[in-house]
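J.: Residues per chain are reported as follows:
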Amino acid sequence: MADITNQSLNEIIENVKTKKVSSTDLTKAYIKNIESAKKLNAFVTTTFDQALDKAKQFDNKPNFDQLLPGIPLAVKDLFCTENTKTTAGSNILNNFIPSYESTVTKNLWNNGSFLLGKLNCDEFAMGSSNETSHYGNVINPVGDQLVPGGSSGGSSSALAADLTPATIGTDTGGSIRQPASFTGTVGLKPTYGLCSRWGIVAFASSLDQAGPMTKTIKDCAIMLESMSGFDEKDSTSINKKKEQYSKNLKDNIKGLKIGIPKEYRVDNMPKEVDELWEKGKKILKDLGAQLIDISLPHTKYALPTYYIVAPAEASSNLARYDGVRYGYRSKQGKDLIEMYEKTRSEGFGDEVKRRILIGTYVLSSGYYDAYYLKAQKVRQLIKKDFDDSFTKIDAILTPSTPSSAFKIGEKTNDPVSMYLNDIFTVPVNLAGLPALSMPAGVDKQGYPLGLQLIGKALDEQKILNIGYAFEKNCGFKNEIKKWWS
Amino acid sequence: MSKEKFDYFIKGEKGKYEVVIGLEVHAQVLSKSKLFSGSSTKFGADPNNQVSLIDSAFPGMLPVINEECVKQAVRTGLGLNAKINNYSVFDRKNYFYADLPQGYQISQYKNPIVGEGKVLLDMPYGSKEIGIERLHLEQDAGKSIHDMDPSNTYVDLNRSGIALMEIVSKPDLRSPDEVNAYIKKLRSIMRYLGTCDGNMQEGSLRADVNVSVRKEGDKNFGTRCEIKNVNSIKFMQMAIEYEAARQVELIENGKVIDQETRLFDTKKNETRSMRSKEDAHDYRYFPDPDLLPLKLEQKLIDDLKKTLPELPDKKKERFIKEYGLNAYEANVLVSEKEISDYYEEVAKLSDKKLAATWMMGDLFAMLNDKGLDISKSPISAKHFAELVQSIKSGEISGRIAKEVFEIILETGDNPKKIIESKGLKQQSDPKELEKMINEILTKNKDKVDQYKSGKEKLFGFFVGQVMKSSGGKANPQLTNEILKKLLKG
Chain A
504 MADITNQSLN EIIENVKTKK VSSTDLTKAY IKNIESAKKL NAFVTTTFDQ
554 ALDKAKQFDN KPNFDQLLPG IPLAVKDLFC TENTKTTAGS NILNNFIPSY
604 ESTVTKNLWN NGSFLLGKLN CDEFAMGSSN ETSHYGNVIN PVGDQLVPGG
654 SSGGSSSALA ADLTPATIGT DTGGSIRQPA SFTGTVGLKP TYGLCSRWGI
704 VAFASSLDQA GPMTKTIKDC AIMLESMSGF DEKDSTSINK KKEQYSKNLK
754 DNIKGLKIGI PKEYRVDNMP KEVDELWEKG KKILKDLGAQ LIDISLPHTK
804 YALPTYYIVA PAEASSNLAR YDGVRYGYRS KQGKDLIEMY EKTRSEGFGD
854 EVKRRILIGT YVLSSGYYDA YYLKAQKVRQ LIKKDFDDSF TKIDAILTPS
904 TPSSAFKIGE KTNDPVSMYL NDIFTVPVNL AGLPALSMPA GVDKQGYPLG
954 LQLIGKALDE QKILNIGYAF EKNCGFKNEI KKWWS
Chain B
50 MSKEKFDYFI KGEKGKYEVV IGLEVHAQVL SKSKLFSGSS TKFGADPNNQ
100 VSLIDSAFPG MLPVINEECV KQAVRTGLGL NAKINNYSVF DRKNYFYADL
150 PQGYQISQYK NPIVGEGKVL LDMPYGSKEI GIERLHLEQD AGKSIHDMDP
200 SNTYVDLNRS GIALMEIVSK PDLRSPDEVN AYIKKLRSIM RYLGTCDGNM
250 QEGSLRADVN VSVRKEGDKN FGTRCEIKNV NSIKFMQMAI EYEAARQVEL
300 IENGKVIDQE TRLFDTKKNE TRSMRSKEDA HDYRYFPDPD LLPLKLEQKL
350 IDDLKKTLPE LPDKKKERFI KEYGLNAYEA NVLVSEKEIS DYYEEVAKLS
400 DKKLAATWMM GDLFAMLNDK GLDISKSPIS AKHFAELVQS IKSGEISGRI
450 AKEVFEIILE TGDNPKKIIE SKGLKQQSDP KELEKMINEI LTKNKDKVDQ
500 YKSGKEKLFG FFVGQVMKSS GGKANPQLTN EILKKLLKG
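Heads up: the protein sequence lines correspond to chains A and B, in order. Heads up, the first sequence is in the working numbering, so the first residue is 504 and it goes up one at a time. Heads up, the second sequence is in the working numbering, so the first residue is 50 and it goes up one at a time.
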């Protein structure tokens, strides 16, 4: 049988179900890939022995009715995994082994899959290139000089390099969609509240949302179905009936109204991105969708708003890493305050410190109204822009990112230029909406580029359907040479 | 009853100063589990045995509001005649401390669950209304233990995350006595409601005390100081007295009072500066993004209102009307729910007025003496009622009643049995009494003569003799009547 690991999750599941491959052989194939891909630095922790045990258990007593029968999965190291080290890409959690399993990963395991390893990410999910991780930067399989995007960079890299059949990331401002775009893969940020945040190391609570990263839209539907669901342990979780996204996947999008927001045509955007957007519009139009020009007037305020709200919440969420109860504690420090200072100085990296400082500043007395409060008001306006538009349309099509993958080190000294990478993705998080990044083409260097579909709250099925139809007609194929092995 | 006049002023060289006090009372909510986690709230467990992953702020843990705590806050708000807010918000109050695992306390800042209300105090100079500014829900912190080890501090997180109600009064209190009455009233209301056990020893009720002074008659408030975390009424009173005197002295010496946070040192009986306004924490309050705003349906509030028990003010009115008590008696007997329950049980079976007198006299003295709550009274309400009824019917005299009371304490027997078996029944047969008195008068002819010639003081002597020869059982009223009659003849 040909290399099974370059197949889609859906194909792999079919092969397992039809007993063409055992869970054990499948797991071994991924372990072999992972071991030969150390250069990519996609993994922080591997759990091979445990995975092989689970695979064996599955093979001995298979249950093919599950959504993910005997499927090994690597996940972003932001999800707490019981008895497996969870670092969030940070030194401050370098020795942290949770006694609990995040709801999302537990859902995956309950659907028949098991853990293959923990994937590198930007420290506390703060970054757009996976260069802020304490465990080193991750390399994009597309090219040995390229970043895989961030913060779910280990996830996108591992997925594109066939080190896991599918994966999950978290998306606070684009951390699923941008890396998906940079690696020619599919990434979905669900509606805020669709996937439980319980057991996910928090970055910005009102924006964080876990979602699938996959090779195909169908895979994305399978993963979303497996990981989502109401969780009473998360007060912001949405209590609704579970949907069967994969079963209900349809490629007929005739008559759907697709909004094209004029504000997403930004200055200095590479021509290829614009051309790609045009190509996407044409494909959807040819499939019978109707294109409608719309305006989201507050889009230009989304990035500054995001960089107030997210750091503000982060500055508070990260206060618990104080060296008192778990995680890294500096051996120096003669009193409590000094222990805090040393622990946090040594435990956090520069980008995390920068955001804690920004967040602390915008919440400070005398600045709160001018920054945090104003940002919250603007956030409402951004949300209203979307709400207004969605009375007339079914989904919105935009580019996922303003450029393809950039070079390692290219933006590390220029945080603002780094932040600009999220310009098309952050409005969605601020509005709590679902959005899908799907591969659509390549730039002149041959690097993948993605298009983004934004849906109404809880309209995941619709954007998956549009993506499904698009995928079939786009003709994109991710040509990655395994230069690392 | 003539009312006293309010008179609590600090006398300085340059005049009289009025003391202005506002309290922030922290009352632990009576609930099985903590405000945002399922951990037990039981007092006295081994350190760190009632701590969930949420209470200890592990990565990825999220708070989920405990509905019972919300209901308790609403009940308390209703008991304080306060406005219940249908919309309230939980905020994070950010600061670092070893016993604050999250690095922030979840509290309510701009939108508390309960708004303005009022509490009525009965003071010797009349009743006084104290305004309630607000009541909000918040998490308690853990406990730092500094004296277990010379070089380390230990942290116990059992208390971390327990629900507190912070009840903020308006600056309406004017003396340590009013503070005493206010705390007792709050405590009483909450105990009636079952929303806080009010146990100050266990820290279920503590307060931050805001004190300022101003010249008598001044309209503007002076600069206030906040005395943090005082955990007994006595200490609150001592702290207020010290602090008011300190502030008056500063003013009289032409100095300025700094707005600051102070600590009360119970050993030295003084307040000390903890931090000045400039050093005050910037808590960076903002709405907790892990929690949605708390929206209360009016129906829930109305339903809770319907199930509220009768509260002290209402009960007092009823006691006056129904049982013919005076305001003072009613006040004392409603001060604790258990006392009022005991009283009502006794009053059902005996004379209502006499029951009140005897409860407030001998029963309370005994309980006080033994340091017992009325719920632990060695004399049951039923026995006590029998005793009261025996006095009322004339079966025994008051003096004998005291004796019977003591015997019940010792033996636990019922009063009827004691009276019978010990032959303590009062001699109320006029014929027998007259016979006995006649004998006494015959024996003391000289005294009778003296009495008749004007030495009327001797009447007491005759009564004494009657009591002596009857073993105290002679009916006093009857004795008086017969004596008077016979001495006249």
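These aren't lab readings, by the way, just hints derived from the structure by calculation. On a predicted model such as this, the values are computed, not experimentally measured, just so you know. Cβ atoms here follow ideal geometry from the backbone N, Cα and C, with glycine treated the same way. Please note: incorrect hints may appear among the correct ones.
To be verified - FRET-style restraints, in silico, Cβ to Cβ: (1) A/S848 with B/K326: 23 to 33 Å; (2) B/L169 with A/D890: 15 to 25 Å; (3) B/D352 with A/L961: 49 to 59 Å; (4) A/S848 with B/Q250: 37 to 47 Å; (5) A/K523 with B/F145: 55 to 65 Å; (6) B/Y57 with A/D890: 33 to 43 Å; (7) A/S848 with B/N248: 50 to 60 Å; (8) A/K745 with B/T356: 51 to 61 Å; (9) B/K355 with A/V919: 55 to 65 Å; (10) A/Q883 with B/L312: 38 to 48 Å; (11) A/K856 with B/D307: 30 to 40 Å; (12) A/L961 with B/T356: 32 to 42 Å.
J.: Each hint should be assessed against the structure and marked as holding or not.
T.: Results for each hint:
{"no.": "1", "hint": "A/S848 with B/K326: 23 to 33 Å", "in the structure": "holds, 29 Å"}
{"no.": "2", "hint": "B/L169 with A/D890: 15 to 25 Å", "in the structure": "violated, 49 Å"}
{"no.": "3", "hint": "B/D352 with A/L961: 49 to 59 Å", "in the structure": "violated, 32 Å"}
{"no.": "4", "hint": "A/S848 with B/Q250: 37 to 47 Å", "in the structure": "holds, 42 Å"}
{"no.": "5", "hint": "A/K523 with B/F145: 55 to 65 Å", "in the structure": "holds, 57 Å"}
{"no.": "6", "hint": "B/Y57 with A/D890: 33 to 43 Å", "in the structure": "violated, 60 Å"}
{"no.": "7", "hint": "A/S848 with B/N248: 50 to 60 Å", "in the structure": "violated, 43 Å"}
{"no.": "8", "hint": "A/K745 with B/T356: 51 to 61 Å", "in the structure": "violated, 37 Å"}
{"no.": "9", "hint": "B/K355 with A/V919: 55 to 65 Å", "in the structure": "holds, 59 Å"}
{"no.": "10", "hint": "A/Q883 with B/L312: 38 to 48 Å", "in the structure": "holds, 43 Å"}
{"no.": "11", "hint": "A/K856 with B/D307: 30 to 40 Å", "in the structure": "holds, 35 Å"}
{"no.": "12", "hint": "A/L961 with B/T356: 32 to 42 Å", "in the structure": "holds, 38 Å"}
Hint compliance for this structure: hints 2, 3, 6, 7, 8 are not met, and every other hint is.
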